[in-house]
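*Asks:* Could you put the whole structure together from the sequences, leaning on the hints where they help?
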Amino acid sequence: MVLTLGSIVAELGGELRGDLSSAVQRLAPLESAGPDELSFLSNPKFRHQLATTRAGCIVVGPALAGEAGARGACIVVDDPYLYFARLTQLWKRSHAREDGPRIHPSAVVHPEAFVDATARIGPLCVIERGARIGPDTELKARVTVSEDCVVGARCVVQSGAVIGGDGFGFAPHDGAWVRIEQLGAVRIGDDVDIGANTCIDRGALADTIVEDGVKLDNLIQVGHNCRIGRHTAIAGCVGIAGSANIGAHCTIGGAAMILGHLTLADRVNISAGSFVARSILKPGHYTGIFPIDDNASWEKNAATLRQLYTLRERIKALEKR
Amino acid sequence: MVLTLGSIVAELGGELRGDLSSAVQRLAPLESAGPDELSFLSNPKFRHQLATTRAGCIVVGPALAGEAGARGACIVVDDPYLYFARLTQLWKRSHAREDGPRIHPSAVVHPEAFVDATARIGPLCVIERGARIGPDTELKARVTVSEDCVVGARCVVQSGAVIGGDGFGFAPHDGAWVRIEQLGAVRIGDDVDIGANTCIDRGALADTIVEDGVKLDNLIQVGHNCRIGRHTAIAGCVGIAGSANIGAHCTIGGAAMILGHLTLADRVNISAGSFVARSILKPGHYTGIFPIDDNASWEKNAATLRQLYTLRERIKALEKR
Amino acid sequence: MVLTLGSIVAELGGELRGDLSSAVQRLAPLESAGPDELSFLSNPKFRHQLATTRAGCIVVGPALAGEAGARGACIVVDDPYLYFARLTQLWKRSHAREDGPRIHPSAVVHPEAFVDATARIGPLCVIERGARIGPDTELKARVTVSEDCVVGARCVVQSGAVIGGDGFGFAPHDGAWVRIEQLGAVRIGDDVDIGANTCIDRGALADTIVEDGVKLDNLIQVGHNCRIGRHTAIAGCVGIAGSANIGAHCTIGGAAMILGHLTLADRVNISAGSFVARSILKPGHYTGIFPIDDNASWEKNAATLRQLYTLRERIKALEKR
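Residue numbers (my numbering), protein chains in the order written: chain R, 418 to 738; chain X, 418 to 738; chain A, 418 to 738.
In case anyone wonders, no lab produced these hints; they're calculated from the structure.
Here the structure is a predicted model, which is why all the values come from computation and not from measurement.
Among the clues, some could well be false.
[Said to hold, decoys possible] Listed below are several chain X residues computed to face chain R (Cβ distance under 8 Å; list not exhaustive): (1) Leu-467; (2) Ala-502; (3) Thr-505; (4) Gln-506; (5) Arg-514; (6) Pro-540; (7) Pro-552; (8) Gly-612; (9) Leu-636; (10) Ala-652; (11) Gly-653; (12) Asn-686; (13) Ala-689; (14) Leu-725; (15) Leu-735.
[As the list claims (entries may be wrong)] Ranges of calculated distance between the beta carbons of each label pair, as one might list FRET restraints: (16) R:Gly-592 with X:Arg-488: 55 to 65 Å; (17) X:Lys-509 with R:Thr-535: 50 to 60 Å; (18) R:Gly-701 with A:Pro-528: 46 to 56 Å; (19) A:Ala-713 with X:Arg-695: 12 to 22 Å; (20) X:Arg-471 with R:Pro-522: 44 to 54 Å; (21) R:Glu-716 with X:Arg-471: 34 to 44 Å; (22) R:Glu-716 with A:Glu-448: 46 to 56 Å; (23) A:Lys-737 with R:Gly-592: 56 to 66 Å.
[Stated by the list, open to error] What the simulated footprint calls covered on chain R by chain X, stretch by stretch (three residues with Cβ under 8 Å from a Cβ of chain X suffice, anywhere in the stretch; the number is not a length): (24) 465-474; (25) 553-565; (26) 582-591; (27) 595-606; (28) 609-622; (29) 626-636; (30) 712-726.
Where is the CB? At the ideal position from N, CA and C, for every residue including glycine.
*Replies:* Here's what the structure looks like:
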């Protein structure tokens, strides 16, 4: 199905500079878009691509409207990236294929689980006893929602995710480990996205909480009793140990690791790859990454790092001379 | 179902200071427990919570018995954390819901696999030819146990775990990679816990070994031909490369990475986030983490780190003046 | 089934020094091989094991032929590791058990998906609408291939892998996140291996590309719009953020993290555990790892590291004296 520029602005707004009847075959990135494709430019860093792109039409902000308009059709909007997001949604709606069954017959849904009449459950999902799946929520293929766990409204859970596995709790005793049964569950708010093969463990006593609007990428581990505050976004491969209390509106970069029993304030941004070993109570941007280097340089610097404290003492001694 | 304090100490021991007939509705954390809830205090760091908790009864060690008893009922035991673990088990037993089928009808169990008559296999598990599942072991939903792999007695395997995927082995040849078929399997001892979406690869020739009492959290990778010694506990997101030989009674913190073809002695503790690139033959606590900082400070320090060896040379030169 | 040394060299070549009719019961590592087992020695670091191994026959390179022959049978070849790889393949072929069904009846294959007549689909896989699985490709148990994703010929995908989950894309708006629908797919070339529980996300607009001969270990995250060049091998637990462009013939060690929107040239080798935050345009070996140490030493050095820039200023001041 083809959309015209006219139908797009009729639906999403924006000031079209160009022909209402022009047809758009596809959305495409600026560097590869052709004359029948629609693209967008939000990051001024890529502004130079305006000179070379073959895109039939470009969504731009007011600052680039002149430049973009000089080369062809454009749609001028306040926030091109947001407009682009809505455009992908429009595109998906307009090109929707026939739905499969609302609850795929291969899914295993316990008779004492509750699935809202508008929720969609993909093939080979497992919804255990007492679990609740809210309205308009979609579980893709092969998702587990364990006993008594709750998923809110309008959530999307990708394939392989495990919600409500047992938290990792053992008491040491005579050189072995005695299991602490995990009696809590997981409560997930509304508008939460959960990535492929991501795991959210059930609480030991109280529940693990993921608040409204949280976005979790793939292969994330959320330990038992954590709380993740509203609208926090966490990139792939992040590990969050048990009982961490993460604020709202935080961002956590990929492969960061958050220790347990600590607090991140609201609006804390953790760089990818950083290790958070203590509470961070002040909003801001925090980082802890070993800088990469050619291997030979790294070897020399890393070896020296193991003597760093001694070096400091030597500097002190020099200063006292 | 409600338990009384009397029935709890009758089952688990401990010195009750309070009313045998008091009913406990739930187990709860100290900070949120109410008058009909039972809590525990094992870490002296949280001792101040005694002053404010509303818990109906608290499990404490002898040192805090007086203080706890002064505010209400308590159970005095030598090791409150261990007691708490057993209490969660008692709680789970007392509140057990009716079991589903022992082998869920949606599980795919190969006719030449062996599942002990007391083992439980959850929905949508795959047990391949020649695999063996021991007594009282439980596989939750969507677990894979591949050909010829063995899981011992009283193990619990969480949803999505993959036991016996092919190890990652390829010989380089003419710029491409030639597959090394993985002819070994995985042998898992008794009383082992394996977390959600954790992967344990089959050996190339010999088997990958996980010994009795090992506890593995979620999203852990165990490469082919590894050995993990008895009662070692490994937190989430850890990667262990092939042929690593990990001792007994070790602990490995979350997101640590262990290189292959190396040895960790018994009773080695690796901090979360640390990278182990060499054998560690002496018991002890080892760490290697870049300390997190506000981003601006990190940038300055990280840039300087790339000149660290040079700085050392400059210190040497100063010392020679 | 038993193979003779004669049948092995007849099939794979190599110069046999020993008895053609000797039977080989198993392939085994040098340190545990017995008189009826065949082993190999490729890494000269393990040469000392020649003196103690009880292996019935050893595959060696020309340089060790004399030493190996002096102790018993050996097969002399140019590249013992490559020969060993082919030997494991011969072994597997010779010991193949009866196949199950080509498409396991428990797999959920959409009627509009295409599965080549020679491909094998394991139990409880999900192949969604429009997906294509090429000739001689094997999906083990519980693999997801989402809508419109393409897997080439002779690929092997391990259990739990998710190909074509939605990329992680959201536009910020009024303190919340607006979903960017992921309209691209995943295209995987020929001879690609994909590990257990590894995730490869579909592109936002264009496709995510994994080229021919790429080898991916377990629990890897490949973000949307990435390209991974031919014959690149990536070890377990690696995270690759969106739109990263990884060259051909690269190796990326376990648990490395690659940021998005950057480029790695061909033939770049990244050490395990390293964090790549910028493009690397020159072939070579790159590393960035905090060296592990006993915890007390680490604490002192890490604390000093947070003052490193200041130390450099103090050295400068000393030099000016």
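*Asks:* Next, verify each hint and record whether it holds.
*Replies:* How the hints compare with the structure:
1. Annotation: interface hint on Leu-467 (chain X) violated; nearest CB of chain R at approximately 18 Å, more than 8 Å.
2. Here the hint on Ala-502 (chain X) is kept, as its CB sits about 4 Å from the closest CB of chain R, short of 8 Å.
3. Here the hint on Thr-505 (chain X) is kept, as its CB sits about 4 Å from the closest CB of chain R, short of 8 Å.
4. The interface hint given for Gln-506 (chain X) is met, as the beta carbon of that residue sits about 5 Å from the closest beta carbon of chain R, less than 8 Å.
5. Hint on Arg-514 (chain X) holds. Least Cβ distance to chain R is approximately 7 Å, under the 8 Å limit.
6. A distance limit of 8 Å between C-beta atoms decides the matter here; for Pro-540 (chain X) the minimum to chain R is near 4 Å, and the interface restraint holds.
7. A hinted interface residue such as Pro-552 (chain X) counts as satisfied when its beta carbon comes closer than 8 Å to some beta carbon of chain R; here the least separation is about 17 Å, so the hint is violated.
8. Interface restraint check: Gly-612 (chain X) against chain R, minimum CB-CB distance 6 Å, threshold 8 Å, status holds.
9. Satisfaction of the interface hint for Leu-636 (chain X) is found here, the shortest Cβ-Cβ separation to chain R being roughly 5 Å, below the 8 Å cut-off.
10. Interface restraint check: Ala-652 (chain X) against chain R, minimum CB-CB distance 7 Å, threshold 8 Å, status holds.
11. For the restraint placing Gly-653 (chain X) at the interface with chain R, the shortest Cβ-Cβ distance is roughly 4 Å, inside the 8 Å limit, so the hint holds.
12. A distance limit of 8 Å between C-beta atoms decides the matter here; for Asn-686 (chain X) the minimum to chain R is near 12 Å, and the interface restraint is violated.
13. Contact between Ala-689 (chain X) and chain R, as hinted, is supported at the beta carbon level, the nearest pair being about 6 Å apart and thus within 8 Å.
14. Hint status for Leu-725 (chain X): holds, given a least beta-carbon distance of 4 Å to chain R, under 8 Å.
15. Nearest Cβ of chain R to the Cβ of Leu-735 (chain X): about 5 Å, under the 8 Å cut. The hint holds.
16. Separation of Gly-592 (chain R) from Arg-488 (chain X) is about 35 Å and departs from the stated range, judged on CB atoms against 55 to 65 Å.
17. One distance hint, 50 to 60 Å for the beta-carbon pair Lys-509 (chain X) and Thr-535 (chain R), is violated here, with the actual separation near 34 Å.
18. Between Gly-701 (chain R) and Pro-528 (chain A) the Cβ separation comes to about 53 Å, which falls inside the hinted range of 46 to 56 Å.
19. In this structure the supplied range 12 to 22 Å holds for Ala-713 (chain A) paired with Arg-695 (chain X), their Cβ-Cβ distance being about 18 Å.
20. Separation of Arg-471 (chain X) from Pro-522 (chain R) is about 49 Å and conforms to the stated range, judged on CB atoms against 44 to 54 Å.
21. Remark: the range hint 34 to 44 Å for Glu-716 (chain R) to Arg-471 (chain X) is contradicted by a beta-carbon distance near 57 Å.
22. Distance hint check: the CB atoms of Glu-716 (chain R) and Glu-448 (chain A) are about 30 Å apart, inconsistent with the given range 46 to 56 Å.
23. Checking the proposed 56 to 66 Å range against Lys-737 (chain A) and Gly-592 (chain R) shows it holds: the Cβ atoms sit about 59 Å from each other.
24. Counting residues of the region 465-474 of chain R whose CB lies closer than 8 Å to any CB of chain X gives 0, so the stated coverage by that chain is violated, three being the minimum.
25. Remark: the region 553-565 of chain R is confirmed as covered by chain X, as 3 of its residues place a Cβ nearer than 8 Å to a Cβ of that chain, reaching the required three.
26. Here's how the region 582-591 of chain R fares: 8 of its residues keep a CB closer than 8 Å to some CB of chain X, so the rule of at least three is met and the hint holds.
27. Residues of the region 595-606 of chain R lying with their CB closer than 8 Å to a CB of chain X number 6, which satisfies the three-residue condition for coverage.
28. Taking a C-beta to C-beta cut-off of 8 Å, the region 609-622 of chain R contributes 5 residues in contact with chain X, enough for the three needed, and the coverage statement holds.
29. Here's how the region 626-636 of chain R fares: 1 of its residues keep a CB closer than 8 Å to some CB of chain X, so the rule of at least three is not met and the hint is violated.
30. Only residues whose beta carbon comes within less than 8 Å of a beta carbon in chain X count, and the region 712-726 of chain R has 8; three or more means the coverage holds.
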